[in-house]
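Trainee: Sequence:
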Amino acid sequence: MSNLDPLPYGKQSITPDDVAAVTEVLQSPFLTQGPVLPVFEQALSNYTKSQYSIAVNSATSALHIACLALGVEPGDRIWTSPITFVASANCGRYCGAKVEFVDIDPRTALLDTDLLKKKLIAADRDGALPKVIIPVHLTGTSCDMALIGELADLFGVHIIEDASHAIGAYYMDMPVGNCRFSSISVFSFHPVKIITTAEGGLATTNDPILAERMYLLRSHGIERNPEKFELQSPGPWYYEQHGLGFNYRLTELQAALGLSQLKRLDLIVDERNRLLDNYKCLLKDLPITFLEIPSSCRSSVHLAVILLETINPLNHRRVFEGLRSASIGVQLHYSPVHLQPYYRSLGWKMDDFPFAESYASRAISLPLFPGLTEDDQQRVADALRTLL
Numbered sequence: 001m002s003n004l005d006p007l008p009y010g011k012q013s014i015t016p017d018d019v020a021a022v023t024e025v026l027q028s029p030f031l032t033q034g035p036v037l038p039v040f041e042q043a044l045s046n047y048t049k050s051q052y053s054i055a056v057n058s059a060t061s062a063l064h065i066a067c068l069a070l071g072v073e074p075g076d077r078i079w080t081s082p083i084t085f086v087a088s089a090n091c092g093r094y095c096g097a098k099v100e101f102v103d104i105d106p107r108t109a110l111l112d113t114d115l116l117k118k119k120l121i122a123a124d125r126d127g128a129l130p131k132v133i134i135p136v137h138l139t140g141t142s143c144d145m146a147l148i149g150e151l152a153d154l155f156g157v158h159i160i161e162d163a164s165h166a167i168g169a170y171y172m173d174m175p176v177g178n179c180r181f182s183s184i185s186v187f188s189f190h191p192v193k194i195i196t197t198a199e200g201g202l203a204t205t206n207d208p209i210l211a212e213r214m215y216l217l218r219s220h221g222i223e224r225n226p227e228k229f230e231l232q233s234p235g236p237w238y239y240e241q242h243g244l245g246f247n248y249r250l251t252e253l254q255a256a257l258g259l260s261q262l263k264r265l266d267l268i269v270d271e272r273n274r275l276l277d278n279y280k281c282l283l284k285d286l287p288i289t290f291l292e293i294p295s296s297c298r299s300s301v302h303l304a305v306i307l308l309e310t311i312n313p314l315n316h317r318r319v320f321e322g323l324r325s326a327s328i329g330v331q332l333h334y335s336p337v338h339l340q341p342y343y344r345s346l347g348w349k350m351d352d353f354p355f356a357e358s359y360a361s362r363a364i365s366l367p368l369f370p371g372l373t374e375d376d377q378q379r380v381a382d383a384l385r386t387l388l
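Following full-length UniProt numbering, the numbering of the sequence shown begins with 1 at its first residue and continues without gaps.
In case anyone wonders, no lab produced these hints; they're calculated from the structure. Bear in mind that the values here come from a model prediction, so they are computed numbers and not experimental data. Hints are not guaranteed to be accurate.
[Claimed, not checked] Heads up, simulated PhoX-like pairs for lysine-lysine below, C-alpha to C-alpha not over 20 angstroms straight-line:
#	residue 1	residue 2
1	Lys263	Lys280
2	Lys349	Lys11
3	Lys263	Lys49
4	Lys263	Lys284
5	Lys98	Lys349
6	Lys98	Lys131
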């Protein structure tokens with residue numbers, strides 16, 4: 001075991017300004033449901049160039065209420081990528097929907113649009129179209145949303161962008177989350193993501209009806225606007241529950257932290273891109289490849305994923321464990337969702353999505369976060385060179 005300080009694959013960056021912003025809220029009358037949250041939401045709408053932002057306590061919650069807002073219910077289908085965190089699929093299961101998958105493009109690990117088109121044509125023929133498709137912007141790189149949006153319009157399908165990795169990313173010179181090609185986009189503010197609210201998530205949309213549904217769903221389905229009451233108000237204490245919602249609210253403390261972090265989002269994304277470029281330079285002579293970033297995208301580089309050149313599960317494990325033994329906190333993003341025991345119990349099995357399975361047998365996420373030094377990266381490169 002290495003005596004060197006451990007390098008995590010990702011971690012938060014907290015500045016004195018962040019601490020001051022949270023402290024100010026702690027000393028205010030409101031710790032939740034106060035004035036900072038709507039300011040944070042408006043700032044995210046301004047940044048993403050979307051009409052509405054709905055902040056919640058996690059990206060999982062955002063995916064859930066996004067599905068509900070679009071009317072996903074038992075008997076419906078949602079499709080997503082098998083290479084993602086399980087929440088991208090689970091959100092459909094929460095609504096009682098059947099979850100299906102579309103394999104990835106092995107060059108990018110993003111949803112393969114050719115396979116998506118073929119699957120949509122077959123599903124249209126069989127009367128089995130999904131209500132929602134959830135493309136995943138893995139590592140912070142946008143899927144080909146123009147083509148996905150075109151297919152969605154053609155087949156009458158809704159799109160939720162799982163942009164959990166991609167705040168600060170751009171596609172076709174527009175910020176991810178603008179919802180030009182989707183109904184809703186979802187971001188994560190978990191500590192290892194680009195910016196953090198400790199835990200938290202957010203949905204963006206340009207549709208006022210979807211926004212209103214998600215506002216209600218995040219807070220018990222409760223309406224406090226007298227103009228929208230269905231019954232006559234008996235007094236100023238009155239509110240109405242208009243549906244079955246949840247306690248998915250984001251606190252004032254979290255919103256203040258996110259608002260402070262948002263001010264340096266572009267600098268963070270610049271640093272992440274620089275770190276990725278440096279890895280590519282340091283590792284260019286090794287038998288590995290990096291995931292491709294299409295020319296239409298500026299990735300937020302949430303992750304630096306390398307692919308070992310040959311498919312060899314034993315070698316993959318040897319390299320992975322060797323790096324961890326050197327106190328280098330590598331990770332796999334992700335094991336294919338369809339091979340998780342829960343999804344196997346629903347009928348999925350090995351060889352259903354060969355590109356996803358091949359990817360998972362070769363992929364390793366290297367440490368990448370603000371503050372990672374050139375010496376840290378050299379240490380990773382030296383360890384990899386020894387192992388390979």
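Trainee: Checking each numbered hint in turn, tell me which of them this model violates, lowest number first.
Mentor: 1, 2 and 4
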